[in-house]
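**Q** Here is what each chain is made of, one letter per residue.
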Amino acid sequence: MAVLREVLIFNLKCFRGVRSYFCPSPVFQCSSLSLNNASSNVRNLDFEQSDTKKISKAMKSYMERAKVHDNFIKDQLHQYNLGKRHLANMMGKDPEFFTQKDVDEAIRYLFPSGLFDPRARPMMKHPDEIYPKRKAAEFDMNGRPFHSLFYTSKPNYYNLMHDLAVKFKELDRHEDRMISRGIRDQKPSELFLFGSDWIPKEKIESVLLEILTDAQYSNLIKTLERFTQHPYAIKEKNFVMQFRHQLAAQTEIQQVPELMKDESNRPYTTFSARRKKSTATVKVIGQGTGLLSINGKDIHYFERKQHKEQVIFPLEFCNVLGKVDVVATCEGNGFSGKVGAIRLGIAMCLRSFVDAETTERMRLAGLLSFDPRKRERKKPGQAGARKKFTWKKR
Amino acid sequence: MSLSVLLRTLPTLNAINSQMSSLSLLSRQPYSMYKPFVKEPIYNIDKLDKFIESGEAKKCEFVPVKAARNDHNVSVFHDELTNKFINMVMEKGHKELARNLVEAGYMKIKQLQLAKYYKATTDIERAEIELNPITIFHKALDNCKPILQLTPIKRGGSTYQVPIPITENRARFLAMKWIILESREKDRKIHFPEKFALELIDAYNNTGKVVKRKQDLHKQCENNRAYAHYRWG
Numbered sequence: 001m002a003v004l005r006e007v008l009i010f011n012l013k014c015f016r017g018v019r020s021y022f023c024p025s026p027v028f029q030c031s032s033l034s035l036n037n038a039s040s041n042v043r044n045l046d047f048e049q050s051d052t053k054k055i056s057k058a059m060k061s062y063m064e065r066a067k068v069h070d071n072f073i074k075d076q077l078h079q080y081n082l083g084k085r086h087l088a089n090m091m092g093k094d095p096e097f098f099t100q101k102d103v104d105e106a107i108r109y110l111f112p113s114g115l116f117d118p119r120a121r122p123m124m125k126h127p128d129e130i131y132p133k134r135k136a137a138e139f140d141m142n143g144r145p146f147h148s149l150f151y152t153s154k155p156n157y158y159n160l161m162h163d164l165a166v167k168f169k170e171l172d173r174h175e176d177r178m179i180s181r182g183i184r185d186q187k188p189s190e191l192f193l194f195g196s197d198w199i200p201k202e203k204i205e206s207v208l209l210e211i212l213t214d215a216q217y218s219n220l221i222k223t224l225e226r227f228t229q230h231p232y233a234i235k236e237k238n239f240v241m242q243f244r245h246q247l248a249a250q251t252e253i254q255q256v257p258e259l260m261k262d263e264s265n266r267p268y269t270t271f272s273a274r275r276k277k278s279t280a281t282v283k284v285i286g287q288g289t290g291l292l293s294i295n296g297k298d299i300h301y302f303e304r305k306q307h308k309e310q311v312i313f314p315l316e317f318c319n320v321l322g323k324v325d326v327v328a329t330c331e332g333n334g335f336s337g338k339v340g341a342i343r344l345g346i347a348m349c350l351r352s353f354v355d356a357e358t359t360e361r362m363r364l365a366g367l368l369s370f371d372p373r374k375r376e377r378k379k380p381g382q383a384g385a386r387k388k389f390t391w392k393k394r
Numbered sequence: 001m002s003l004s005v006l007l008r009t010l011p012t013l014n015a016i017n018s019q020m021s022s023l024s025l026l027s028r029q030p031y032s033m034y035k036p037f038v039k040e041p042i043y044n045i046d047k048l049d050k051f052i053e054s055g056e057a058k059k060c061e062f063v064p065v066k067a068a069r070n071d072h073n074v075s076v077f078h079d080e081l082t083n084k085f086i087n088m089v090m091e092k093g094h095k096e097l098a099r100n101l102v103e104a105g106y107m108k109i110k111q112l113q114l115a116k117y118y119k120a121t122t123d124i125e126r127a128e129i130e131l132n133p134i135t136i137f138h139k140a141l142d143n144c145k146p147i148l149q150l151t152p153i154k155r156g157g158s159t160y161q162v163p164i165p166i167t168e169n170r171a172r173f174l175a176m177k178w179i180i181l182e183s184r185e186k187d188r189k190i191h192f193p194e195k196f197a198l199e200l201i202d203a204y205n206n207t208g209k210v211v212k213r214k215q216d217l218h219k220q221c222e223n224n225r226a227y228a229h230y231r232w233g
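Line by line, the protein sequences are chains A and B. Those letters in the first sequence? Residues 1 to 394, per UniProt numbering, in order. Those letters in the second sequence? Residues 1 to 233, per UniProt numbering, in order.
Isolated chain A (complex conformation):
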């Protein structure tokens, strides 16, 4: 069980300064992202037999560190496998077929935790998942770097930028060729970018095995943006798509619930929504006459015109005013919050009554979005959230 939390406590202090030294052959060989080639490609260095006099100091210290690290990982792996067997025995299962999923379940069962953040709860993961991958040696026995961009300290990143520039030039040359053939005014096709977005910084970092600054990341994204605007960028589609991930469609995320039938065989749906500190439970019943009931009262539960309009907004938007009945209960602070929660609840319920096109319209109108805005907290040293005390010099 030593692998449990103690594993996490051991940090990378002893390796931190030399992270970028560990590098396999250039990650971007043939200009393609190759994943998981981090420490597996460690150059086979014969530590024992080589002449110690010829080895440079950098190489020597690297080898020491690599040895320590390898031993450490080996130890951790051993402990992990041991822990897994123990857990399997404790749970009364076959240790041979005990998977990571079973491990997670066993940990959840044996070490119940009320901590809110999932990362703070006890866990037992494979060392590969816990310890970040490291670059292998970037230089040979004499301390001579393999990579021409070694002294930029971020060779993979700058190699990628270089590749981009080369591809850019290629595209330009291609465009020139096309113009000489008489094909002009080629429109850039951005269609292949539709529905995807640039991958986040963390992901690029994990692929490059280098820590990037915000400026470097934005530089990369800006260059890629410009690259995609080239008239013939479609030629390099595969290259560009490596740096993009698909977005989930907003309408697919929100799954429309099925209509239910009540005693009198009328279709209905329910939804509980929130806004500010208020909560509301809304029930929309089909085949109705436009009855509204809010906490037992009709629409005059709200005194202000604006709030009354808000209740009707989604009904009017979908043209179902007078065709459905609404029963809502709300509680929590002010009326603004209550009415916001009711509006969201009604709109969400109406999805089951209208077609997909109207649902998409409702989404674009902002009726199906949760309003995350909240009262801003008062700051110390200030009169309010933004207001400052009157300033006196003395």
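No lab work stands behind these hints: they were computed from the structure. Any given hint might turn out to be false.
Here are the computed lysine to aspartate or glutamate pairs in the EDC-like style, where the Cα-Cα straight-line distance is at most 20 Å [to be verified]:
(1) B/Lys50 / A/Glu360
(2) A/Lys308 / B/Glu61
(3) B/Lys145 / B/Asp216
(4) B/Lys59 / A/Asp197
(5) A/Lys374 / B/Glu185
(6) B/Lys35 / A/Glu376
(7) B/Lys39 / A/Glu360
(8) B/Lys35 / A/Glu202
(9) B/Lys66 / A/Asp197
(10) A/Lys308 / B/Glu96
(11) B/Lys66 / A/Glu357
(12) B/Lys35 / A/Asp214
(13) B/Lys59 / A/Glu360
(14) A/Lys305 / B/Glu80
(15) B/Lys110 / B/Glu91
(16) B/Lys59 / A/Glu357
(17) B/Lys47 / A/Glu360
(18) B/Lys39 / A/Glu357
If you want a taste of the chain B side facing chain A, the calculated C-beta under 7 Å gives, among others [unchecked claim]:
(19) Phe62
(20) Ala67
(21) Ser75
(22) Gln149
(23) Thr151
Every beta carbon over 12 Å from chain B, so not counted as near; a handful from chain A, in silico [stated by the list, open to error]:
(24) Ser61
(25) Glu170
(26) Arg181
(27) Lys187
(28) Pro231
(29) Glu258
(30) Ser293
(31) Arg304
(32) His307
(33) Lys308
(34) Pro314
(35) Val339
Think of the CB as a built atom: it goes at the ideal place given N, C-alpha and C, for glycine as much as any other residue.
With the hints as your guide, set chain B onto chain A.
**A** Chain B in isolation, oriented as in the chain A frame:
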């Protein structure tokens, strides 16, 4: 020298500014509860139809949308500009009161115009009379919008009032502010809605104090046209 002037004079600073803004696009905006890429809602049905017809909506299929705000709705009486005006009339967050005042003003306009309408005898005369208070408000506001403004700029130790063109937003703000100020300047017996209605009808006909105020400002700008070149350099 004020910062805006400095920015205008130094193109390089402007460039840096724009670069910084593009950089900040990547990181999250301070205080906003929404991520920077979240789209503003389009709640107006006509605008939404146009938006979908133009094919823009297809592109936004994957973009999350902000929630519609509390003062958005699709009522036939809803008007964005009136909403803006109500917010400017409002004091200390009494929005319901402000809204009642403005709507009472609209009611008064309707009454006045209807009185004129029934007084008119021929159809041609009647056709000329605008009965919709919201249309009257829009046209009156347009009539009150200035296109130039005086701004003090220091040159060689003395300050000059230099005429500069103003943005759409600023022009709208000034027009609304003037209408409100004129409507509040009244006898004790007259209330805000009545004075507001009268001012709007005056402005609709391109007469009245607010339009005069705009013309005065333009006249002043005309007088100071000799300093106009101080805007640059």
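**Q** With reference to the structure, classify each hint as holding or not holding.
**A** Hints, one by one, checked against the model:
no. : hint                : verdict
1   : B/Lys50 / A/Glu360  : holds, 15 Å
2   : A/Lys308 / B/Glu61  : violated, 31 Å
3   : B/Lys145 / B/Asp216 : holds, 12 Å
4   : B/Lys59 / A/Asp197  : holds, 13 Å
5   : A/Lys374 / B/Glu185 : violated, 38 Å
6   : B/Lys35 / A/Glu376  : holds, 17 Å
7   : B/Lys39 / A/Glu360  : holds, 14 Å
8   : B/Lys35 / A/Glu202  : holds, 18 Å
9   : B/Lys66 / A/Asp197  : holds, 19 Å
10  : A/Lys308 / B/Glu96  : holds, 12 Å
11  : B/Lys66 / A/Glu357  : holds, 19 Å
12  : B/Lys35 / A/Asp214  : holds, 17 Å
13  : B/Lys59 / A/Glu360  : holds, 13 Å
14  : A/Lys305 / B/Glu80  : holds, 16 Å
15  : B/Lys110 / B/Glu91  : violated, 25 Å
16  : B/Lys59 / A/Glu357  : holds, 15 Å
17  : B/Lys47 / A/Glu360  : holds, 15 Å
18  : B/Lys39 / A/Glu357  : holds, 19 Å
19  : Phe62               : holds, 4 Å
20  : Ala67               : holds, 4 Å
21  : Ser75               : holds, 6 Å
22  : Gln149              : violated, 28 Å
23  : Thr151              : violated, 27 Å
24  : Ser61               : holds, 37 Å
25  : Glu170              : holds, 27 Å
26  : Arg181              : holds, 32 Å
27  : Lys187              : holds, 15 Å
28  : Pro231              : holds, 20 Å
29  : Glu258              : holds, 24 Å
30  : Ser293              : holds, 21 Å
31  : Arg304              : violated, 5 Å
32  : His307              : violated, 8 Å
33  : Lys308              : violated, 10 Å
34  : Pro314              : violated, 9 Å
35  : Val339              : violated, 8 Å
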